[in-house]
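Colleague: Can you build the whole structure from these sequences, using the hints too?
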Amino acid sequence: MCTTCGCGDTELVPVELHDKILAGNDRQAAHNREHFQAHGVLALNLMGSPGAGKTAVLEATSRFAEGRLRLAAVSADLATDNDARRLAAAGIPSKAITTGQACHLDAAMVHHALDGFPWDRADVFFIENVGNLVCPAIYDLGQAANVVALSVTEGEDKPLKYPVMFQKADLVLVTKCDLVPHLDIDLARVDDALARVMPSPRVLRLSARTGEGMAEWFGWLEEQRRPIVQGKGAHMHVHPHEHTHSHEHRHADGTVHSHPHAHAHQHPHEHAEGQAQEHAHGEPQSEHAHAASEKHEHQH
Amino acid sequence: MHEYSLVQALVERVEQEVGRRGALAVHALTVSVGELGGVDPELFRTAFETFRQGTVCAQAELTVRLVPARWSCPACGAAIEKGAVLRCPACDLPARMGEGSDGLTLDRVELEVP
Numbered sequence: 001m002c003t004t005c006g007c008g009d010t011e012l013v014p015v016e017l018h019d020k021i022l023a024g025n026d027r028q029a030a031h032n033r034e035h036f037q038a039h040g041v042l043a044l045n046l047m048g049s050p051g052a053g054k055t056a057v058l059e060a061t062s063r064f065a066e067g068r069l070r071l072a073a074v075s076a077d078l079a080t081d082n083d084a085r086r087l088a089a090a091g092i093p094s095k096a097i098t099t100g101q102a103c104h105l106d107a108a109m110v111h112h113a114l115d116g117f118p119w120d121r122a123d124v125f126f127i128e129n130v131g132n133l134v135c136p137a138i139y140d141l142g143q144a145a146n147v148v149a150l151s152v153t154e155g156e157d158k159p160l161k162y163p164v165m166f167q168k169a170d171l172v173l174v175t176k177c178d179l180v181p182h183l184d185i186d187l188a189r190v191d192d193a194l195a196r197v198m199p200s201p202r203v204l205r206l207s208a209r210t211g212e213g214m215a216e217w218f219g220w221l222e223e224q225r226r227p228i229v230q231g232k233g234a235h236m237h238v239h240p241h242e243h244t245h246s247h248e249h250r251h252a253d254g255t256v257h258s259h260p261h262a263h264a265h266q267h268p269h270e271h272a273e274g275q276a277q278e279h280a281h282g283e284p285q286s287e288h289a290h291a292a293s294e295k296h297e298h299q300h
Numbered sequence: 001m002h003e004y005s006l007v008q009a010l011v012e013r014v015e016q017e018v019g020r021r022g023a024l025a026v027h028a029l030t031v032s033v034g035e036l037g038g039v040d041p042e043l044f045r046t047a048f049e050t051f052r053q054g055t056v057c058a059q060a061e062l063t064v065r066l067v068p069a070r071w072s073c074p075a076c077g078a079a080i081e082k083g084a085v086l087r088c089p090a091c092d093l094p095a096r097m098g099e100g101s102d103g104l105t106l107d108r109v110e111l112e113v114p
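Residue numbers (my numbering), protein chains in the order written: chain A, 1 to 300; chain B, 1 to 114.
No lab work stands behind these hints: they were computed from the structure. Among the hints, erroneous ones may be present.
What the hints assert, rightly or not - Non-contacting residues of chain A with respect to chain B, defined by C-beta distances greater than 10 Å in every case (computed):
no., residue
1, Arg70
2, Phe117
3, Leu183
4, Glu212
5, Ile228
What the hints assert, rightly or not - Straight-line alpha carbon distances no greater than 20 Å define the calculated DMTMM-like cross-link-like pairs of lysine to aspartate or glutamate that follow:
no., chain 1, residue 1, chain 2, residue 2
6, B, Lys82, A, Asp191
7, A, Lys20, B, Glu99
8, B, Lys82, B, Glu99
9, A, Lys161, B, Glu81
10, A, Lys232, A, Glu156
11, B, Lys82, A, Glu156
12, A, Lys20, B, Asp107
13, A, Lys20, B, Asp40
14, B, Lys82, B, Asp92
15, A, Lys161, B, Asp40
16, B, Lys82, A, Asp192
17, A, Lys20, B, Glu15
18, A, Lys161, B, Glu15
19, A, Lys168, B, Glu99
20, A, Lys20, B, Glu12
21, A, Lys20, B, Glu17
22, A, Lys168, B, Asp40
23, A, Lys168, A, Asp26
Quantities reported herein were computed from a predicted structural model and do not represent experimental measurements. Even glycine gets a Cβ: it sits at the ideal position worked out from N, Cα and C.
Modeller: See below:
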């Protein structure tokens, strides 16, 4: 009702929102990220054009891992599960996500794919996105980092043409470098183009065929895994805590009452790395203080 | 062509707001699209025209605000020209992206309420 005169007419109300349109996807992505972090899994969103060599990079990663890293992958494709079958043949437990009409993966599709798939046993979990340099860039999937594959056959100015994708990349893999002698490509011009769309470009030159750059690629993977593995350990560790609760009790005169009280206690803990670490931990309801490997003690 | 899924998310968000405020209709929407937001404004408008049929946004006028990408030095604040290397030549630091450059937000809705 109109509040000016109460005439019963409707009113036009402007509402200021400033909400991210993809807020729903971002929430789902945050949830995925919690899963990955809780299991100490490095999740990577691998993007690039169709034919940039994404699947070949993963096959080579498996080949050169020599058991150092446990890998797993989900692979998105519009219509086939060919990539997932290639990855399985290369020894990477994998699952296809057939996106149908969708030109990109979103966080809900990834979450759905995790169900019943042993992603949590991997050290590195690759999410091989739909081959597309536009749409996948803006959907957070819960990954720790974005890796973009750019093959040497694609042209030096690709980054300038698709700045959004490359700006979101944490690492660019320049793939198929074994072909450079057969092409007119100038790799310095690729680097220059990347520097114009990425403020802190990280670029590795790879050849899945010859193994060129694989050592650097494994170095990068290890570097990315370090905080995640530590984070998992810390999650299971020591967190100072103190909490309040009440006990109801009955007195001889029949009255029942309770009083809140605080106490500190200590729990034995599971440790991923077998060492104690102090850290603070935001928990919704309580603040905890416990030291590792000590008995549970209540002080009332 | 992810503009369709974006419009779907947009309409769902507006429906939520309509429900929350018991609105009868949506008269106008304002959306900001950053130059690096990965959205083609024309495609977004087309997708909106198609998708809004039969939704609370059927009669709503859409305004798309374009936010140009801006980069500057995090130390001295000097602007980095479009197309230049994204590094401050004076401070030798990576440039910082300006707010809204890669944004995609629903800024404002105009609702008809009883």
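Colleague: State for each hint whether it applies.
Modeller: Right, here's what the structure says about each hint:
1. Arg70: holds, 32 Å
2. Phe117: At about 24 Å from chain B, Phe117 of chain A clears the 10 Å cut-off, so the statement holds.
3. Leu183: holds, 24 Å
4. Glu212: holds, 26 Å
5. Ile228: holds, 24 Å
6. B:Lys82 <-> A:Asp191: holds, 17 Å
7. A:Lys20 <-> B:Glu99: holds, 13 Å
8. B:Lys82 <-> B:Glu99: holds, 16 Å
9. A:Lys161 <-> B:Glu81: Roughly 17 Å between the alpha carbons, so the hint for Lys161 of chain A and Glu81 of chain B holds.
10. A:Lys232 <-> A:Glu156: Violated. Lys232 of chain A to Glu156 of chain A sits at ~40 Å, over the 20 Å cutoff.
11. B:Lys82 <-> A:Glu156: Status holds; Cα separation ~18 Å.
12. A:Lys20 <-> B:Asp107: holds, 9 Å
13. A:Lys20 <-> B:Asp40: Roughly 16 Å separates the two Cα atoms, so the pair holds.
14. B:Lys82 <-> B:Asp92: holds, 17 Å
15. A:Lys161 <-> B:Asp40: holds, 14 Å
16. B:Lys82 <-> A:Asp192: holds, 14 Å
17. A:Lys20 <-> B:Glu15: holds, 15 Å
18. A:Lys161 <-> B:Glu15: violated, 36 Å
19. A:Lys168 <-> B:Glu99: Judged against 20 Å, a Cα distance of about 15 Å means the pair holds.
20. A:Lys20 <-> B:Glu12: Measuring from Cα to Cα gives roughly 12 Å; hence the hint holds.
21. A:Lys20 <-> B:Glu17: holds, 14 Å
22. A:Lys168 <-> B:Asp40: holds, 17 Å
23. A:Lys168 <-> A:Asp26: Within the cut-off at roughly 15 Å; holds.
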